[in-house]
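Visitor: Sequence:
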Amino acid sequence: MGSKKVFSGQRGLITAIFLASVFINLLVLTAPLYMLQLFSRVMSSGNVNTMIMLTIGAAIALIFFLAFDTIRQRLAARLGTRLEGNHGPSVLHGLVTATNPNDTQGARPVRDLQEIRAFVNSAAFIALLDAPWSLLFVGVIFLFHPVLGIIATIGLLFLFGLGIISELVSREPTEAASDAEQKASGTIEEMLRNAEVVRSMGKAPALIQRWKKETFVAMVFGAVATDRIALLTSFAKMTRMALQIALLGGGVLLVIQGQLSPGMMIASSILLGRAAAPVEQSIAGWRQFSQARLAMRRLNALFASQKEAAQTMDLPEPNARLSVENATVVVANKQAPLLLDVSFELRPGDALGIIGPSGAGKTSLARALVGLQPLSRGYIRVDDAALTDWPVDQIGQYIGFLPQRVELFQGTVAENIAMMDEEASPSAVVEAAKRASIHELILSLPAGYNTQVGLRGELLSAGQRQRIGLARAFFGDRRIIVMDEPNANLDPDGEEALSQAVQNATDRGCIVILITHRMSILRGVSHAGIMQDGRMVRFGASKSVLDSMVSPLSNKTTDDPKVAVLKPRKIIKRTVKTGGAK
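Following the numbering used here, the numbering of the sequence shown begins with 196 at its first residue and continues without gaps.
Read the hints as simulated data drawn from the structure, not as lab findings.
With a Cα cut of at most 25 angstroms, we get these calculated PhoX-like pairs of lysine-lysine:
no.: 1; residue 1: K408; residue 2: K378
no.: 2; residue 1: K398; residue 2: K408
no.: 3; residue 1: K378; residue 2: K529
no.: 4; residue 1: K378; residue 2: K407
no.: 5; residue 1: K378; residue 2: K398
Here the structure is a predicted model, which means the values were calculated and not measured.
Based on the sequences and whatever the hints tell you, model everything.
Guide: Below, the structure is given as C-alpha coordinates:
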(Lines of atoms letter the chains of each structure in order from A and count residues from 1; the text may use other names and numbers.)
(Lines give C-alpha, C1' and ligand atoms only; values in the text may rest on other atoms or scores of the structure.)
Protein backbone atom coordinates (compact mmCIF):
# COMPACT_ATOMS: atom_id res chain seq x y z
CA MET A 1 0.00 0.00 0.00
CA GLY A 2 1.62 3.24 -1.16
CA SER A 3 1.60 6.41 0.85
CA LYS A 4 -1.28 8.73 0.15
CA LYS A 5 -0.97 11.98 -1.76
CA VAL A 6 -2.65 15.33 -1.35
CA PHE A 7 -5.22 14.59 -4.08
CA SER A 8 -5.72 10.93 -3.13
CA GLY A 9 -9.38 9.93 -3.01
CA GLN A 10 -10.57 12.91 -5.06
CA ARG A 11 -10.67 11.23 -8.47
CA GLY A 12 -14.46 11.48 -8.79
CA LEU A 13 -14.57 15.18 -7.98
CA ILE A 14 -11.60 15.95 -10.23
CA THR A 15 -13.28 14.02 -13.06
CA ALA A 16 -16.45 16.07 -12.58
CA ILE A 17 -14.42 19.30 -12.75
CA PHE A 18 -12.73 18.04 -15.93
CA LEU A 19 -16.07 17.19 -17.56
CA ALA A 20 -17.47 20.60 -16.65
CA SER A 21 -14.39 22.16 -18.26
CA VAL A 22 -15.04 20.14 -21.43
CA PHE A 23 -18.58 21.53 -21.79
CA ILE A 24 -17.50 25.06 -20.86
CA ASN A 25 -14.78 25.19 -23.49
CA LEU A 26 -17.03 23.68 -26.14
CA LEU A 27 -19.68 26.29 -25.34
CA VAL A 28 -17.03 29.00 -25.71
CA LEU A 29 -17.37 28.35 -29.44
CA THR A 30 -20.86 29.88 -29.25
CA ALA A 31 -19.75 33.47 -29.91
CA PRO A 32 -17.45 32.80 -32.90
CA LEU A 33 -19.92 30.39 -34.48
CA TYR A 34 -22.76 32.89 -34.00
CA MET A 35 -20.63 35.59 -35.62
CA LEU A 36 -19.76 33.27 -38.49
CA GLN A 37 -23.39 32.41 -39.14
CA LEU A 38 -24.46 36.05 -39.05
CA PHE A 39 -21.93 36.97 -41.75
CA SER A 40 -22.42 33.90 -43.91
CA ARG A 41 -26.22 33.51 -43.72
CA VAL A 42 -28.05 36.51 -42.32
CA MET A 43 -26.07 39.29 -43.99
CA SER A 44 -26.05 37.53 -47.33
CA SER A 45 -29.74 36.63 -47.30
CA GLY A 46 -31.19 39.42 -45.16
CA ASN A 47 -33.44 36.87 -43.45
CA VAL A 48 -34.38 38.25 -40.01
CA ASN A 49 -36.05 34.99 -38.93
CA THR A 50 -32.74 33.18 -39.34
CA MET A 51 -31.06 35.77 -37.12
CA ILE A 52 -33.76 35.34 -34.46
CA MET A 53 -33.35 31.56 -34.43
CA LEU A 54 -29.56 31.87 -34.28
CA THR A 55 -29.88 34.34 -31.40
CA ILE A 56 -32.23 32.04 -29.48
CA GLY A 57 -29.81 29.14 -29.99
CA ALA A 58 -26.87 31.28 -28.82
CA ALA A 59 -28.84 32.40 -25.74
CA ILE A 60 -29.61 28.79 -24.81
CA ALA A 61 -25.93 27.90 -25.23
CA LEU A 62 -24.93 30.83 -22.98
CA ILE A 63 -27.38 29.64 -20.31
CA PHE A 64 -25.71 26.22 -20.37
CA PHE A 65 -22.33 27.96 -20.23
CA LEU A 66 -23.45 29.84 -17.11
CA ALA A 67 -24.68 26.61 -15.52
CA PHE A 68 -21.52 24.62 -16.22
CA ASP A 69 -19.23 27.49 -15.20
CA THR A 70 -21.11 27.85 -11.89
CA ILE A 71 -20.96 24.09 -11.35
CA ARG A 72 -17.22 24.02 -12.03
CA GLN A 73 -16.49 26.84 -9.60
CA ARG A 74 -18.59 25.17 -6.91
CA LEU A 75 -16.89 21.84 -7.52
CA ALA A 76 -13.48 23.53 -7.24
CA ALA A 77 -14.57 25.08 -3.95
CA ARG A 78 -15.76 21.67 -2.74
CA LEU A 79 -12.43 20.17 -3.78
CA GLY A 80 -10.52 22.70 -1.68
CA THR A 81 -12.83 22.12 1.29
CA ARG A 82 -12.49 18.35 0.96
CA LEU A 83 -8.70 18.53 0.82
CA GLU A 84 -8.50 20.52 4.04
CA GLY A 85 -11.29 18.55 5.73
CA ASN A 86 -9.91 15.12 4.82
CA HIS A 87 -6.21 15.78 5.33
CA GLY A 88 -6.41 18.26 8.20
CA PRO A 89 -6.86 15.62 10.94
CA SER A 90 -4.11 13.37 9.57
CA VAL A 91 -1.73 16.34 9.20
CA LEU A 92 -2.37 17.38 12.80
CA HIS A 93 -2.07 13.78 13.96
CA GLY A 94 1.25 13.50 12.14
CA LEU A 95 2.54 16.68 13.77
CA VAL A 96 1.43 15.60 17.24
CA THR A 97 2.82 12.06 16.93
CA ALA A 98 6.08 13.08 15.21
CA THR A 99 9.02 11.57 17.06
CA ASN A 100 11.71 13.82 15.63
CA PRO A 101 12.71 16.20 18.42
CA ASN A 102 14.64 18.39 15.98
CA ASP A 103 11.63 18.99 13.75
CA THR A 104 11.14 22.77 13.49
CA GLN A 105 8.39 22.91 10.88
CA GLY A 106 5.80 23.88 13.50
CA ALA A 107 2.34 24.44 12.04
CA ARG A 108 3.67 24.83 8.49
CA PRO A 109 1.89 21.70 7.11
CA VAL A 110 -1.44 23.14 8.27
CA ARG A 111 -0.68 26.40 6.46
CA ASP A 112 0.39 24.38 3.41
CA LEU A 113 -3.01 22.70 3.35
CA GLN A 114 -4.75 26.08 3.59
CA GLU A 115 -2.55 27.41 0.78
CA ILE A 116 -3.53 24.53 -1.51
CA ARG A 117 -7.20 25.10 -0.75
CA ALA A 118 -6.82 28.82 -1.54
CA PHE A 119 -5.14 27.97 -4.85
CA VAL A 120 -7.85 25.48 -5.86
CA ASN A 121 -10.43 28.19 -5.21
CA SER A 122 -8.52 30.84 -7.19
CA ALA A 123 -8.79 32.04 -10.79
CA ALA A 124 -5.28 30.71 -11.46
CA PHE A 125 -6.53 27.13 -10.96
CA ILE A 126 -9.39 27.69 -13.42
CA ALA A 127 -6.94 29.18 -15.91
CA LEU A 128 -4.74 26.08 -15.69
CA LEU A 129 -7.80 23.92 -16.41
CA ASP A 130 -8.62 25.98 -19.51
CA ALA A 131 -5.06 26.34 -20.84
CA PRO A 132 -4.92 22.91 -22.62
CA TRP A 133 -8.09 23.80 -24.54
CA SER A 134 -6.19 26.51 -26.34
CA LEU A 135 -5.04 23.78 -28.72
CA LEU A 136 -8.69 23.13 -29.68
CA PHE A 137 -9.29 26.77 -30.53
CA VAL A 138 -6.10 26.94 -32.59
CA GLY A 139 -7.26 23.82 -34.44
CA VAL A 140 -10.55 25.54 -35.33
CA ILE A 141 -8.61 28.57 -36.60
CA PHE A 142 -6.59 26.19 -38.80
CA LEU A 143 -9.88 24.99 -40.28
CA PHE A 144 -10.72 28.57 -41.24
CA HIS A 145 -7.35 29.08 -42.97
CA PRO A 146 -3.84 27.59 -42.51
CA VAL A 147 -2.16 31.02 -42.52
CA LEU A 148 -4.28 32.21 -39.60
CA GLY A 149 -3.59 28.89 -37.83
CA ILE A 150 0.16 29.36 -38.23
CA ILE A 151 -0.05 32.91 -36.82
CA ALA A 152 -2.06 31.63 -33.82
CA THR A 153 0.32 28.69 -33.27
CA ILE A 154 3.41 30.90 -33.28
CA GLY A 155 1.76 33.28 -30.83
CA LEU A 156 0.67 30.53 -28.43
CA LEU A 157 4.09 28.90 -28.56
CA PHE A 158 5.57 32.25 -27.60
CA LEU A 159 3.10 32.52 -24.69
CA PHE A 160 3.90 29.00 -23.52
CA GLY A 161 7.59 29.92 -23.70
CA LEU A 162 6.89 32.90 -21.45
CA GLY A 163 5.19 30.50 -19.02
CA ILE A 164 8.27 28.26 -18.94
CA ILE A 165 10.52 31.27 -18.42
CA SER A 166 8.23 32.43 -15.62
CA GLU A 167 8.67 29.07 -13.89
CA LEU A 168 12.45 29.15 -14.25
CA VAL A 169 13.00 32.71 -13.06
CA SER A 170 10.50 32.63 -10.19
CA ARG A 171 11.18 29.20 -8.67
CA GLU A 172 14.28 30.08 -6.67
CA PRO A 173 13.06 33.40 -5.19
CA THR A 174 9.66 31.88 -4.41
CA GLU A 175 11.26 29.02 -2.45
CA ALA A 176 13.58 31.44 -0.65
CA ALA A 177 10.66 33.72 0.22
CA SER A 178 8.67 30.74 1.53
CA ASP A 179 11.54 29.63 3.78
CA ALA A 180 12.08 33.17 5.08
CA GLU A 181 8.37 33.56 5.81
CA GLN A 182 8.49 30.31 7.80
CA LYS A 183 11.40 31.60 9.89
CA ALA A 184 9.62 34.90 10.51
CA SER A 185 6.47 33.05 11.59
CA GLY A 186 8.57 30.91 13.94
CA THR A 187 10.06 34.04 15.50
CA ILE A 188 6.59 35.46 16.11
CA GLU A 189 5.46 32.22 17.75
CA GLU A 190 8.54 32.22 20.00
CA MET A 191 7.98 35.85 20.98
CA LEU A 192 4.35 35.21 21.90
CA ARG A 193 5.22 32.01 23.77
CA ASN A 194 7.84 33.88 25.83
CA ALA A 195 6.08 37.25 25.91
CA GLU A 196 6.40 37.67 29.69
CA VAL A 197 10.16 37.09 29.69
CA VAL A 198 10.64 39.34 26.66
CA ARG A 199 8.59 42.16 28.17
CA SER A 200 10.04 41.93 31.68
CA MET A 201 13.63 41.92 30.46
CA GLY A 202 13.12 44.67 27.89
CA LYS A 203 14.14 42.52 24.91
CA ALA A 204 11.13 43.22 22.69
CA PRO A 205 13.09 45.64 20.44
CA ALA A 206 15.87 43.09 19.90
CA LEU A 207 13.47 40.32 18.93
CA ILE A 208 11.44 42.67 16.77
CA GLN A 209 14.66 43.60 14.99
CA ARG A 210 15.33 39.90 14.41
CA TRP A 211 11.82 39.47 13.01
CA LYS A 212 12.29 42.52 10.77
CA LYS A 213 15.46 41.03 9.27
CA GLU A 214 13.74 37.72 8.53
CA THR A 215 10.66 39.47 7.16
CA PHE A 216 12.86 41.75 5.05
CA VAL A 217 14.46 38.70 3.44
CA ALA A 218 10.99 37.27 2.73
CA MET A 219 9.82 40.59 1.27
CA VAL A 220 12.93 40.98 -0.89
CA PHE A 221 12.69 37.52 -2.42
CA GLY A 222 8.92 37.83 -2.70
CA ALA A 223 9.30 41.16 -4.50
CA VAL A 224 11.89 39.67 -6.85
CA ALA A 225 9.53 36.81 -7.75
CA THR A 226 6.57 39.20 -8.13
CA ASP A 227 8.55 41.64 -10.29
CA ARG A 228 9.75 38.92 -12.62
CA ILE A 229 6.28 37.44 -13.00
CA ALA A 230 4.77 40.91 -13.48
CA LEU A 231 7.25 41.64 -16.27
CA LEU A 232 6.43 38.38 -18.02
CA THR A 233 2.70 38.98 -17.51
CA SER A 234 3.02 42.35 -19.24
CA PHE A 235 4.90 40.65 -22.09
CA ALA A 236 2.07 38.11 -22.30
CA LYS A 237 -0.57 40.85 -22.54
CA MET A 238 1.40 42.66 -25.21
CA THR A 239 1.88 39.39 -27.10
CA ARG A 240 -1.84 38.63 -27.00
CA MET A 241 -2.76 42.06 -28.38
CA ALA A 242 -0.03 41.81 -31.02
CA LEU A 243 -1.37 38.40 -32.02
CA GLN A 244 -4.87 39.73 -32.50
CA ILE A 245 -3.54 42.61 -34.59
CA ALA A 246 -1.46 40.20 -36.70
CA LEU A 247 -4.42 37.85 -37.09
CA LEU A 248 -6.78 40.66 -38.11
CA GLY A 249 -4.18 42.08 -40.51
CA GLY A 250 -3.58 38.70 -42.09
CA GLY A 251 -7.30 38.06 -42.19
CA VAL A 252 -7.99 41.32 -44.02
CA LEU A 253 -5.42 40.41 -46.68
CA LEU A 254 -7.03 37.00 -47.10
CA VAL A 255 -10.49 38.60 -47.35
CA ILE A 256 -9.23 41.02 -50.02
CA GLN A 257 -7.79 38.07 -51.93
CA GLY A 258 -11.09 36.23 -51.62
CA GLN A 259 -9.61 33.37 -49.60
CA LEU A 260 -11.54 34.13 -46.41
CA SER A 261 -14.92 35.52 -45.45
CA PRO A 262 -15.23 38.48 -43.05
CA GLY A 263 -17.14 36.27 -40.60
CA MET A 264 -14.27 33.78 -40.41
CA MET A 265 -11.80 36.60 -39.85
CA ILE A 266 -13.74 37.98 -36.86
CA ALA A 267 -14.46 34.49 -35.51
CA SER A 268 -10.73 33.70 -35.66
CA SER A 269 -9.95 36.84 -33.68
CA ILE A 270 -12.45 35.84 -30.97
CA LEU A 271 -11.07 32.29 -30.82
CA LEU A 272 -7.50 33.55 -30.56
CA GLY A 273 -8.44 35.82 -27.66
CA ARG A 274 -10.06 32.87 -25.91
CA ALA A 275 -7.04 30.62 -26.60
CA ALA A 276 -4.53 33.16 -25.26
CA ALA A 277 -6.51 34.28 -22.18
CA PRO A 278 -5.97 31.21 -19.93
CA VAL A 279 -2.26 31.07 -20.82
CA GLU A 280 -1.92 34.75 -19.93
CA GLN A 281 -3.84 34.26 -16.65
CA SER A 282 -1.68 31.25 -15.80
CA ILE A 283 1.46 33.36 -16.13
CA ALA A 284 -0.09 36.10 -13.95
CA GLY A 285 -0.93 33.56 -11.25
CA TRP A 286 2.31 31.62 -11.53
CA ARG A 287 3.64 32.62 -8.10
CA GLN A 288 0.48 31.33 -6.44
CA PHE A 289 0.80 28.12 -8.44
CA SER A 290 4.49 27.78 -7.43
CA GLN A 291 3.65 28.25 -3.74
CA ALA A 292 0.87 25.67 -3.96
CA ARG A 293 3.21 23.24 -5.70
CA LEU A 294 5.83 23.67 -2.96
CA ALA A 295 3.12 23.15 -0.33
CA MET A 296 1.92 19.99 -2.08
CA ARG A 297 5.48 18.66 -2.29
CA ARG A 298 6.01 19.20 1.44
CA LEU A 299 2.68 17.59 2.32
CA ASN A 300 3.35 14.56 0.12
CA ALA A 301 6.72 14.18 1.86
CA LEU A 302 4.94 14.39 5.23
CA PHE A 303 2.43 11.73 4.20
CA ALA A 304 5.22 9.51 2.90
CA SER A 305 7.05 9.74 6.23
CA GLN A 306 4.01 8.81 8.27
CA LYS A 307 3.75 5.16 9.21
CA GLU A 308 0.68 3.21 8.29
CA ALA A 309 -0.86 3.05 11.75
CA ALA A 310 -3.70 0.91 10.43
CA GLN A 311 -1.21 -1.92 9.78
CA THR A 312 -0.40 -2.15 13.52
CA MET A 313 -2.65 -4.71 15.19
CA ASP A 314 -4.21 -3.95 18.54
CA LEU A 315 -2.70 -6.01 21.35
CA PRO A 316 -4.36 -7.35 24.51
CA GLU A 317 -4.72 -4.96 27.42
CA PRO A 318 -1.29 -4.68 29.08
CA ASN A 319 -0.45 -5.82 32.59
CA ALA A 320 2.33 -3.22 32.39
CA ARG A 321 5.53 -5.15 32.92
CA LEU A 322 8.21 -2.79 31.64
CA SER A 323 11.63 -3.89 30.42
CA VAL A 324 14.33 -1.73 28.87
CA GLU A 325 16.97 -3.61 26.88
CA ASN A 326 20.17 -1.85 25.76
CA ALA A 327 18.26 1.34 24.93
CA THR A 328 20.53 3.58 22.86
CA VAL A 329 19.74 6.94 21.29
CA VAL A 330 22.07 8.60 18.80
CA VAL A 331 21.05 11.83 17.09
CA ALA A 332 22.62 13.87 14.32
CA ASN A 333 24.99 16.72 15.14
CA LYS A 334 25.87 15.18 18.52
CA GLN A 335 29.06 13.19 18.96
CA ALA A 336 28.06 11.41 22.17
CA PRO A 337 24.86 9.33 22.33
CA LEU A 338 22.01 10.66 24.45
CA LEU A 339 21.47 7.15 25.82
CA LEU A 340 23.88 4.22 25.73
CA ASP A 341 22.92 0.61 26.55
CA VAL A 342 20.44 1.44 29.31
CA SER A 343 18.82 -1.72 30.71
CA PHE A 344 16.45 -2.38 33.60
CA GLU A 345 13.15 -4.08 34.36
CA LEU A 346 10.14 -3.05 36.45
CA ARG A 347 7.03 -4.96 37.44
CA PRO A 348 3.54 -3.73 38.39
CA GLY A 349 3.68 -1.87 41.67
CA ASP A 350 7.33 -0.79 41.30
CA ALA A 351 8.39 2.85 41.52
CA LEU A 352 11.72 3.99 40.10
CA GLY A 353 13.48 7.26 40.91
CA ILE A 354 16.21 8.36 38.50
CA ILE A 355 18.77 11.01 39.38
CA GLY A 356 21.88 12.36 37.76
CA PRO A 357 23.54 15.64 36.74
CA SER A 358 22.16 17.86 33.99
CA GLY A 359 22.79 16.38 30.56
CA ALA A 360 23.04 12.83 31.90
CA GLY A 361 20.22 11.62 29.60
CA LYS A 362 17.37 11.50 32.13
CA THR A 363 14.88 13.45 30.01
CA SER A 364 15.87 11.50 26.88
CA LEU A 365 15.13 8.28 28.77
CA ALA A 366 11.77 9.63 29.94
CA ARG A 367 10.84 10.59 26.37
CA ALA A 368 11.93 7.18 25.11
CA LEU A 369 9.83 5.40 27.73
CA VAL A 370 6.65 7.10 26.49
CA GLY A 371 7.49 6.67 22.79
CA LEU A 372 8.52 10.26 22.03
CA GLN A 373 12.19 9.50 21.39
CA PRO A 374 12.91 6.69 18.90
CA LEU A 375 15.73 4.32 19.79
CA SER A 376 18.73 3.84 17.57
CA ARG A 377 19.34 0.43 19.13
CA GLY A 378 17.70 -1.74 21.76
CA TYR A 379 14.09 -2.16 22.88
CA ILE A 380 11.56 -0.82 25.34
CA ARG A 381 9.01 -3.56 25.96
CA VAL A 382 5.60 -3.52 27.60
CA ASP A 383 4.50 -7.07 28.39
CA ASP A 384 7.23 -8.45 26.09
CA ALA A 385 5.93 -6.43 23.10
CA ALA A 386 8.20 -3.66 21.85
CA LEU A 387 6.76 -0.21 22.34
CA THR A 388 6.86 0.32 18.56
CA ASP A 389 4.64 -2.77 18.08
CA TRP A 390 1.77 -1.14 19.95
CA PRO A 391 -0.62 1.17 18.08
CA VAL A 392 0.15 4.67 19.33
CA ASP A 393 -3.44 5.47 20.24
CA GLN A 394 -3.89 2.17 22.07
CA ILE A 395 -0.75 2.19 24.23
CA GLY A 396 -1.25 5.90 24.89
CA GLN A 397 -4.38 5.05 26.89
CA TYR A 398 -2.19 3.21 29.42
CA ILE A 399 0.71 5.67 29.68
CA GLY A 400 0.68 8.82 31.79
CA PHE A 401 3.32 11.48 31.16
CA LEU A 402 4.24 14.64 33.03
CA PRO A 403 6.93 16.58 31.10
CA GLN A 404 9.34 19.09 32.59
CA ARG A 405 7.39 22.01 31.17
CA VAL A 406 3.68 21.68 31.85
CA GLU A 407 1.56 23.35 29.16
CA LEU A 408 -2.17 23.65 29.81
CA PHE A 409 -4.90 24.19 27.23
CA GLN A 410 -7.12 27.23 27.33
CA GLY A 411 -10.16 25.93 29.19
CA THR A 412 -11.24 24.76 32.61
CA VAL A 413 -9.33 22.72 35.14
CA ALA A 414 -11.62 19.74 34.46
CA GLU A 415 -11.07 19.99 30.70
CA ASN A 416 -7.30 20.03 31.18
CA ILE A 417 -7.35 16.99 33.46
CA ALA A 418 -9.41 15.15 30.82
CA MET A 419 -7.14 16.42 27.99
CA MET A 420 -10.11 18.23 26.39
CA ASP A 421 -11.98 14.94 25.97
CA GLU A 422 -15.65 15.93 25.69
CA GLU A 423 -16.76 12.38 26.49
CA ALA A 424 -14.87 12.22 29.79
CA SER A 425 -17.17 11.72 32.78
CA PRO A 426 -16.99 14.14 35.73
CA SER A 427 -16.48 11.21 38.09
CA ALA A 428 -13.35 10.14 36.16
CA VAL A 429 -11.98 13.68 36.37
CA VAL A 430 -12.56 13.84 40.12
CA GLU A 431 -11.05 10.38 40.55
CA ALA A 432 -7.88 11.48 38.74
CA ALA A 433 -7.64 14.57 40.95
CA LYS A 434 -8.01 12.43 44.07
CA ARG A 435 -5.35 10.01 42.82
CA ALA A 436 -3.01 12.99 42.39
CA SER A 437 -4.01 14.30 45.84
CA ILE A 438 -5.12 17.70 44.49
CA HIS A 439 -8.89 17.39 44.89
CA GLU A 440 -8.93 19.78 47.86
CA LEU A 441 -6.65 22.24 46.06
CA ILE A 442 -9.01 22.35 43.07
CA LEU A 443 -12.05 22.89 45.30
CA SER A 444 -10.28 25.90 46.83
CA LEU A 445 -10.11 27.61 43.42
CA PRO A 446 -12.75 30.29 42.67
CA ALA A 447 -14.92 28.03 40.48
CA GLY A 448 -13.50 24.65 41.49
CA TYR A 449 -13.20 22.28 38.57
CA ASN A 450 -14.81 24.92 36.31
CA THR A 451 -12.04 27.47 36.95
CA GLN A 452 -10.59 28.86 33.72
CA VAL A 453 -6.82 28.38 33.55
CA GLY A 454 -6.19 31.01 30.84
CA LEU A 455 -3.88 30.83 27.85
CA ARG A 456 -1.26 28.14 28.56
CA GLY A 457 -2.45 28.16 32.20
CA GLU A 458 -1.20 31.68 32.89
CA LEU A 459 -3.96 32.30 35.46
CA LEU A 460 -2.46 29.62 37.73
CA SER A 461 0.83 29.45 39.58
CA ALA A 462 3.62 27.19 38.35
CA GLY A 463 2.98 24.79 41.21
CA GLN A 464 -0.74 24.63 40.47
CA ARG A 465 -0.05 23.98 36.79
CA GLN A 466 2.34 21.19 37.70
CA ARG A 467 -0.15 19.54 40.02
CA ILE A 468 -2.93 19.74 37.41
CA GLY A 469 -0.49 18.19 34.95
CA LEU A 470 0.06 15.44 37.52
CA ALA A 471 -3.69 14.79 37.70
CA ARG A 472 -3.75 14.69 33.90
CA ALA A 473 -1.06 11.99 33.98
CA PHE A 474 -3.24 9.97 36.39
CA PHE A 475 -6.46 10.39 34.36
CA GLY A 476 -7.89 7.16 32.98
CA ASP A 477 -6.58 3.62 33.25
CA ARG A 478 -2.85 4.40 33.38
CA ARG A 479 -0.50 1.47 33.92
CA ILE A 480 2.85 3.24 33.40
CA ILE A 481 3.34 6.79 34.66
CA VAL A 482 6.49 8.74 33.78
CA MET A 483 7.13 12.08 35.47
CA ASP A 484 10.04 14.38 34.58
CA GLU A 485 10.90 16.72 37.47
CA PRO A 486 7.38 16.49 38.99
CA ASN A 487 8.43 18.34 42.15
CA ALA A 488 10.38 21.16 40.50
CA ASN A 489 7.76 23.79 41.40
CA LEU A 490 6.20 22.17 44.45
CA ASP A 491 6.24 23.41 48.04
CA PRO A 492 6.57 20.95 50.95
CA ASP A 493 2.81 20.30 50.97
CA GLY A 494 2.93 19.65 47.24
CA GLU A 495 5.84 17.23 47.64
CA GLU A 496 3.94 15.37 50.32
CA ALA A 497 0.91 15.16 48.03
CA LEU A 498 3.18 13.89 45.22
CA SER A 499 4.60 11.16 47.46
CA GLN A 500 1.09 10.12 48.41
CA ALA A 501 0.04 10.09 44.74
CA VAL A 502 2.99 7.82 43.88
CA GLN A 503 2.06 5.51 46.74
CA ASN A 504 -1.57 5.41 45.57
CA ALA A 505 -0.47 4.53 42.03
CA THR A 506 1.85 1.71 43.06
CA ASP A 507 -0.84 0.32 45.38
CA ARG A 508 -3.08 0.02 42.30
CA GLY A 509 -0.33 -1.92 40.47
CA CYS A 510 0.99 0.95 38.33
CA ILE A 511 4.63 1.41 37.42
CA VAL A 512 5.82 4.90 38.34
CA ILE A 513 9.09 6.42 37.05
CA LEU A 514 10.30 9.72 38.51
CA ILE A 515 13.08 11.88 37.06
CA THR A 516 14.26 14.20 39.80
CA HIS A 517 17.11 16.24 41.22
CA ARG A 518 15.79 16.01 44.78
CA MET A 519 16.89 13.02 46.77
CA SER A 520 14.11 13.23 49.36
CA ILE A 521 11.45 11.72 47.09
CA LEU A 522 13.66 8.66 46.41
CA ARG A 523 13.05 7.43 49.95
CA GLY A 524 9.47 6.61 49.02
CA VAL A 525 10.20 4.52 45.89
CA SER A 526 11.13 0.87 45.54
CA HIS A 527 13.96 1.29 43.01
CA ALA A 528 16.51 3.97 42.23
CA GLY A 529 18.89 4.59 39.37
CA ILE A 530 21.82 6.91 38.72
CA MET A 531 22.52 8.20 35.22
CA GLN A 532 25.74 9.73 33.97
CA ASP A 533 26.82 10.48 30.39
CA GLY A 534 23.81 8.65 28.97
CA ARG A 535 24.45 5.46 30.95
CA MET A 536 22.58 3.91 33.84
CA VAL A 537 25.66 3.56 36.05
CA ARG A 538 23.71 2.17 38.99
CA PHE A 539 20.29 0.53 39.36
CA GLY A 540 18.77 -1.42 42.19
CA ALA A 541 16.66 -1.30 45.31
CA SER A 542 16.19 2.26 46.53
CA LYS A 543 17.70 1.65 49.96
CA SER A 544 20.77 -0.01 48.47
CA VAL A 545 21.40 2.82 46.02
CA LEU A 546 20.80 5.51 48.63
CA ASP A 547 23.09 3.85 51.16
CA SER A 548 25.86 3.71 48.58
CA MET A 549 25.54 7.42 47.69
CA VAL A 550 28.10 8.79 50.12
CA SER A 551 29.82 12.12 49.68
CA PRO A 552 33.59 11.51 49.34
CA LEU A 553 34.24 14.63 51.47
CA SER A 554 31.85 14.18 54.41
CA ASN A 555 31.31 10.40 54.24
CA LYS A 556 27.55 11.14 54.57
CA THR A 557 24.60 10.60 52.32
CA THR A 558 24.16 13.64 50.06
CA ASP A 559 21.12 15.15 48.30
CA ASP A 560 23.29 16.56 45.52
CA PRO A 561 23.20 14.20 42.51
CA LYS A 562 26.32 15.85 41.09
CA VAL A 563 28.23 14.70 44.17
CA ALA A 564 26.34 11.44 44.50
CA VAL A 565 27.44 10.13 41.11
CA LEU A 566 31.12 10.64 41.98
CA LYS A 567 31.38 7.00 42.95
CA PRO A 568 34.57 4.96 43.24
CA ARG A 569 35.51 3.61 39.83
CA LYS A 570 35.14 -0.03 40.88
CA ILE A 571 31.47 0.43 41.77
CA ILE A 572 30.64 1.85 38.33
CA LYS A 573 32.54 -0.92 36.58
CA ARG A 574 30.79 -3.63 38.56
CA THR A 575 27.37 -2.11 37.87
CA VAL A 576 27.93 -1.82 34.12
CA LYS A 577 29.11 -5.41 33.91
CA THR A 578 26.13 -6.81 35.72
CA GLY A 579 23.70 -4.54 33.87
CA GLY A 580 21.95 -3.48 37.08
CA ALA A 581 20.43 -5.22 40.02
CA LYS A 582 19.39 -8.78 39.61
